[in-house]
Amino acid sequence: MSIQSDKALEEALKLIESCSFEQPLALLKGILKTELGNKRLVFAIRCCDFWAKTDVSMAGTTYFEQGEWLLDQWKKFQMILEFAGPECEKITYSFRKGIFSRALEIYSKANDEKDTKFKSEILRKTGLCYKKLGSYEMALRFLSEANAMVPGQAQLIAELADCYAFYGETKNAKMLFKEAFYMDARKIDLTFLDSPLIRVLVEKVEDAGYTGQALLEWIPVYGVILGIFNVKRQLKSKEVLHLNQEIYSKEGEIKDASSNKEILKPHLINLYFWLIDYYVLEKDSISRINEVLLKLKLLAPEIHSLYVK
1 MSIQSDKALE EALKLIESCS FEQPLALLKG ILKTELGNKR LVFAIRCCDF WAKTDVSMAG
61 TTYFEQGEWL LDQWKKFQMI LEFAGPECEK ITYSFRKGIF SRALEIYSKA NDEKDTKFKS
121 EILRKTGLCY KKLGSYEMAL RFLSEANAMV PGQAQLIAEL ADCYAFYGET KNAKMLFKEA
181 FYMDARKIDL TFLDSPLIRV LVEKVEDAGY TGQALLEWIP VYGVILGIFN VKRQLKSKEV
241 LHLNQEIYSK EGEIKDASSN KEILKPHLIN LYFWLIDYYV LEKDSISRIN EVLLKLKLLA
301 PEIHSLYVK
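Residue 1 is where the sequence shown starts when you use the numbering used here, and the numbers rise one by one after that.
Incorrect hints may have been included.
To be verified - The calculated lysine-lysine pairs, modelled on DSSO-like cross-linking and capped at a C-alpha distance of 27 Å, are:
#1 K255 with K297
#2 K171 with K90
#3 K204 with K309
#4 K90 with K75
Unchecked claim - Each pair of labels, with its calculated beta carbon distance range:
#5 K114 with G85: 42 to 52 Å
#6 G252 with K232: 24 to 34 Å
#7 S144 with T211: 26 to 36 Å
Hint data in this document are derived by calculation from the structure and do not stem from the laboratory. Each residue gets a CB set at the ideal place from its N, CA and C atoms; glycine is no exception.
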């Protein structure tokens, strides 16, 4: 690109970072006339065109609805980002900064909500925006506050884990990711999880051919097998009771010919992993551990082989 075109692109990106799209779109199209076939320009125009067609003020009557709509649009935008090569990294960054800065502004206006659960969700989304903008300390602050208000949300715990991973606190990240996928794997939205720790694991499971809900259920299984979810914790007596009850329930379900074994199998494997961890930490009898290992072998011999090697 010529020096003049480079300057024009920089000007367009600054506008994009302030969440303005129509003006930079016209600017980029003007550059393209003299830079035909330039991949960066074509990509930037495609991105700009997507956002220029959106109008957050039409998304809903409340600030919260507008914020939710904007994040939903970002999820759809991922299909375009898949075409981004390394040369488009700066362009991708500019769109991320523009959109999540705008979303942060919107959620901050919705922050007067009195309902505890709703308030927690606004705090979570605020933390998510800070995380996407690279402000991990602020993200942790808001996500932790949201978790204190309404604990036990799988998506929130996963986002906290993602933050800790970026923050360099790998042990906390591993434990919280493991916890989140144990709580409810199918409630986790991978779109907003960006740390290399989780992305590498997701790619491994995708490479194995899994998609959709099955992908989410297999992530904790591969996490253990690959040594990523290798942090254990003691379970409380109520948690052990719940774990055994769920194992009993899922063992019954999986015997039903009409059951969705594609989902149930990895889910049950993960439950077995948690029970084995409990027995190991409690220094329980080896016979109990072997009993669970036998169940694992009968259910998934290939996973059993990888687990015990």
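Going down the list of hints, with the structure as the test:
For a cut-off of 27 Å, the pair hint linking K255 to K297 stands: about 16 Å separates their Cα positions. Distance hint between K171 and K90 is unfulfilled; the C-alpha atoms sit about 31 Å from each other, more than 27 Å. A hinted pair counts as satisfied when its Cα atoms are at most 27 Å apart, and K204 with K309 qualifies at roughly 19 Å. Taking the CA atoms of K90 and K75, the gap is about 19 Å. The hint holds against a cut of 27 Å.
The supplied range of 42 to 52 Å is met by K114 and G85, whose beta-carbon atoms lie about 47 Å from each other. Checked against the given bound of 24 to 34 Å, the beta carbons of G252 and K232, roughly 27 Å apart, stay inside it. A hinted range of 26 to 36 Å holds for the C-beta pair S144 and T211, which are about 32 Å apart.
Of the hints listed earlier, the one the structure fails to meet is number 2.
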